[in-house]
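In the order they appear, the protein sequences are chains S and H. In terms of my numbering, the first sequence has 153 at position 153, counting the first letter as 1, and numbering is strictly consecutive. In terms of my numbering, the second sequence has 193 at position 193, counting the first letter as 1, and numbering is strictly consecutive.
I should point out that these hints are in silico values taken from the structure, not numbers from a laboratory. If you're wondering where the values come from, they're calculated on a predicted model, not measured in any experiment. Even glycine gets a Cβ: it sits at the ideal position worked out from N, Cα and C. Check the hints yourself; a few may be wrong.
What the hints assert, rightly or not - Not everything, but these chain H residues come out facing chain S in the computed CB check (under 8 Å): (1) L89; (2) V98; (3) I101; (4) T174; (5) F264; (6) L270; (7) L271; (8) P275.
To be verified - These stretches of chain S come out as covered by chain H in the derived footprint (C-beta under 8 Å, 3 or more residues): (9) 110 to 123; (10) 185 to 193.
Each chain, written out:
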Amino acid sequence: MTRTAGLAALGIALLALPFVLPSYQLSLATQILIFGLLAMSIDILAGFAGRTPLCHGAIFGTAAYVVLYWTTTLGHGVLGGMVLGIIAATAVAGIFALLAIRTSGVYFLLLTLALGMIVWGVCLRWTGVTGGENGIRGAGRPEAIADPVMFYFVVLAATAPLVLAMWRFVRSPFGLTLRGIKDSDSRMRALGYNVPLHLFLAFTASGFFAGIAGALYALFNSFVSPSTVALSQSVAALLMTITGGVGTLFGAFVGAAAIISLENLVSAFTARWPTVLGLAFVLIMIFAPEGILGRFRRHRSF
Amino acid sequence: MNAFSILNGLTFAALLFIVASGFTLIFGLLRIVNLAHGALYLFGGLVGYSAATASGSFAIGIIAAMLFAAVLGLALDQGLLRFVRGFELRQVLLTLGVAFILNDLALVIWGGDTLTVPAPEALLGALNIGDLYYPKYRLFVLALGILVFAGLWLLLNRTRLGALIRAGVDDPETIQALGIDIRKVFMATFMLGAALAGLGGVVGGAFLTLYPSADSEILVFSLAVVIIGGRGSLAGAAVGALLVGLLNSIGQVMFPELAYFAIFGPMAALLAFRPLGLFGKAA
Numbered sequence: 001m002t003r004t005a006g007l008a009a010l011g012i013a014l015l016a017l018p019f020v021l022p023s024y025q026l027s028l029a030t031q032i033l034i035f036g037l038l039a040m041s042i043d044i045l046a047g048f049a050g051r052t053p054l055c056h057g058a059i060f061g062t063a064a065y066v067v068l069y070w071t072t073t074l075g076h077g078v079l080g081g082m083v084l085g086i087i088a089a090t091a092v093a094g095i096f097a098l099l100a101i102r103t104s105g106v107y108f109l110l111l112t113l114a115l116g117m118i119v120w121g122v123c124l125r126w127t128g129v130t131g132g133e134n135g136i137r138g139a140g141r142p143e144a145i146a147d148p149v150m151f152y153f154v155v156l157a158a159t160a161p162l163v164l165a166m167w168r169f170v171r172s173p174f175g176l177t178l179r180g181i182k183d184s185d186s187r188m189r190a191l192g193y194n195v196p197l198h199l200f201l202a203f204t205a206s207g208f209f210a211g212i213a214g215a216l217y218a219l220f221n222s223f224v225s226p227s228t229v230a231l232s233q234s235v236a237a238l239l240m241t242i243t244g245g246v247g248t249l250f251g252a253f254v255g256a257a258a259i260i261s262l263e264n265l266v267s268a269f270t271a272r273w274p275t276v277l278g279l280a281f282v283l284i285m286i287f288a289p290e291g292i293l294g295r296f297r298r299h300r301s302f
Numbered sequence: 001m002n003a004f005s006i007l008n009g010l011t012f013a014a015l016l017f018i019v020a021s022g023f024t025l026i027f028g029l030l031r032i033v034n035l036a037h038g039a040l041y042l043f044g045g046l047v048g049y050s051a052a053t054a055s056g057s058f059a060i061g062i063i064a065a066m067l068f069a070a071v072l073g074l075a076l077d078q079g080l081l082r083f084v085r086g087f088e089l090r091q092v093l094l095t096l097g098v099a100f101i102l103n104d105l106a107l108v109i110w111g112g113d114t115l116t117v118p119a120p121e122a123l124l125g126a127l128n129i130g131d132l133y134y135p136k137y138r139l140f141v142l143a144l145g146i147l148v149f150a151g152l153w154l155l156l157n158r159t160r161l162g163a164l165i166r167a168g169v170d171d172p173e174t175i176q177a178l179g180i181d182i183r184k185v186f187m188a189t190f191m192l193g194a195a196l197a198g199l200g201g202v203v204g205g206a207f208l209t210l211y212p213s214a215d216s217e218i219l220v221f222s223l224a225v226v227i228i229g230g231r232g233s234l235a236g237a238a239v240g241a242l243l244v245g246l247l248n249s250i251g252q253v254m255f256p257e258l259a260y261f262a263i264f265g266p267m268a269a270l271l272a273f274r275p276l277g278l279f280g281k282a283a
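The following block holds chain H by itself, in its conformation from the complex (with noise of 0.2 Å):
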């Protein structure tokens, strides 16, 4: 294990944080279990891809993806869960055929070849630190990963609307009994958590690029952090992040042909001991 390889650690798990926050926001709040959320990573960071190429701005496709994401999750979330809510199964597994076809669509839009979304001028390139080369890039990613950690955590501590959230997480029938339309934060914060999966996908498809297979592999490292972190907590997501980004970077030194271990391993003999993972309540 070399600085290099740690850091390659640190910054897959910025990303897994920016893409796992909003996977356990959607899930702590609304009690859904958003398989679709690696599909919307996927086709959020297309869509940036495809911005950000015919604009020449990286930041357009980090706003397009956003707000594609966001309104695909609205649509998801009034279009078809609407019709299961309370049913906690069907509502997962709808969500999975809503992924199969996202998946499917992308392959037909996109073809199935791999797409690297252009990263900006300013950070291409390798930053010296002492005697260590690293991509700028990744470093970017690290401090997103970091600022996004700090804006959600604003956002649910100091703000009215993260006071409702977090009140819709432990109790979301008293919030209702004080006059507050419920739906209404459980609309805004499913679009917050789609538009981090947006966000994930330009960010990630820059360095990880985009593949058709992509959605897959980013759900179940998502599903690993939230199982480890607990569900609906943020800090829990950010352990379980790090966790996974660093047993991954580790794992693919170690042994390579069996990386997936090195995270999955540790995660299954955690949930002996801890069901509801790190951080996790019951509900």
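Isolated chain S (complex conformation) (with noise of 0.2 Å):
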């Protein structure tokens, strides 16, 4: 099985990554793996529901947000941070879902954007709770995984099973209705399926998926703002999960590597990051839709 054989070389791969990587580098890994997580639960939704949308960096921050406070400004522990970051991400989710799940195309998108922004004029309005234009600031990851090698594996540890679970989630009998759902959703209402709650269940599900991501970022970056819950990150994740390819799930963490070594590129030589994020998803609209991994298949399956 040369499948095995190339999960398993993947898996020594990223284990052996701290040992080889200088600390810069090994960051960046760190972050690739939080930003595809986001990538991915983004693909659940746009790739397997047909519905693209445009609140993520919203839902994400959300979490950050909520273990910061929770950490920070209340002084608790960072676990049960993480778990109410989650669970907060997923509500906002439940109710973003609630309210989107009846539109869908350009509508779902411009409907979860102006949702996303709401989350951002809040956090950027309710400065008692979150500072504001200044944000939270954590005071660092707890002595157990402050070491980056440490967090590393933490954050791999936390990854692998999540992927593994979305690929379940969207391999499973459920997952193969919302790709009807996708194709056609009145002939799915016809079949007698319940489109509206196989929505929410999938948008839930991704928010749930983002919310780790976000909690996990809290961890990885000790700050938030405005900024992170803002239009520019939803169009970053959703950038890495296109350049990945959307449908393909995996290509979540390919996008997410492009964007995060650009990014990093990039800003060696210049401050105008968001002119080229722009321009990266100017031309990959007109000339790569179907994203690095979608053309692989593509190619592929001829």
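If you follow the hints, you should be able to join the two separate chains into one complex; please do so.
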């Protein structure tokens, strides 16, 4: 089985990474894992339910805000903060889902964009809790996972089962129903499926995974501000999904690696990252909307 | 709630209408959700600011901004969007990329400071209505909003171009079959919509000021207006703008920290019952 061998090689490579990479590159690798998770959670909706969301930065950031508020402002433990952060993100996603599942296509995109902006507005204005534009600066990770190598392994240990879970999720009968909805929701409705319920659950599950990514990010970055929940965050995450290939699931990590590497490469030369991000979006939309992994798969199938 | 904040809501609604009517025109006819509309507002406003400060004339600022935004819109439509015609999502995401580029360019050219477009001398100061003093400039914005509504209504309902645009919203294929070059109508509409964003930028820049995140803020308000009003409907944009403008000023008075909820709560509730908006028609 070449696939098993490939997976084993990938596993060994990921485990060996901390021993070969300098600390800065290792922090990039950690970041890629976290944002890969976020991009993958977007792919559940964009690639399998046919609903492209622009609010996942807000869901992700909600978890990060809750974690840092709980641990820094209130001074409680990290584990409880993460659990609460993930619950909060899932709840936000659930509310968004209730409002957005009746729409599709561009309307879904616009509505989720507007919903995400509400979270941004709240984080910016509710200064008593969120610190307004200054955000919340955490005290850093607890002793046990403070070391970057140790933290990389923690993130890797969290990522692996989550990736497996998302993979199982989209290949389950539930996931197949989602794909049916993507192709034609009127047909699925006629076949007796409860389309809104499926979309609601898919959206909420997607938010749950995005929330885990956000909680990990809070530990990674130890700082959260309105820019974490801003539209640009949702856009960057969606760009990762698209760059990797919508509907390929694992493309999320390829996309995250591509975008994060690009960001670091570019920032060495210029401060104009938003321009580069925008250009990347325009070029990918014109020339490669199927993404890296999507293109690879298409060629292989011929 | 007093008369002052109601007037604030109305004047803000007038600005929103100017911006959102351009957005909804493009959305309605070309089926393009132009997420760079906010960036056209900001960029147009800044160009207008520079022109108005250099020439000392507010009117020249407005003309410069509208021309610039129209040309920018034409370049966006003909230079980039032509490659992704017919792909709804790719179009939206492409304009989003353009929005990021324009916003960043504005930051390079004008810096991150808050700029105020200089209003003409005659519109400075306050007008005395009964025992209420209200800024003249904001009343001018209200009048301009009504004027733009009337102008667009006349254009759409009383001219040949308007008839073509309306027909194009309903059934573009039939128009083409009738031997009309719909692409020219599309181009004219795109330029008109973009010019309205530029006009909004100058007019709004004189009382809301222009700053780096002004584009995404006005974009989200315009989205709310169009989502509430429905795609491509002028009356929808007017009603949506009034609702959003008034809800915003009520929200700011009653719970300033969570003012966004006051707008988007009702919007979300409305969508639950009418997913296509108040005046929206199924595509």
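Here is what the structure says about each hint:
1. L89: It holds, given that the least Cβ distance between L89 (chain H) and chain S is near 6 Å, below 8 Å.
2. V98: Holds - the Cβ of V98 (chain H) comes within 8 Å of chain S, reaching about 6 Å at its closest.
3. I101: With a minimum Cβ separation of about 4 Å from chain S (threshold 8 Å), the hint on I101 (chain H) holds.
4. T174: violated (23 Å)
5. F264: holds (5 Å)
6. L270: violated (10 Å)
7. L271: OK, holds: L271 (chain H) within 8 Å of chain S, min 6 Å.
8. P275: holds (5 Å)
9. 110 to 123: holds (count 9)
10. 185 to 193: It is violated: at least three residues are needed, and the region 185 to 193 of chain S offers just 0 whose Cβ sits closer than 8 Å to chain H.
When the structure is compared with the earlier hints, violations turn up for hints 4, 6, 10 and for no others.
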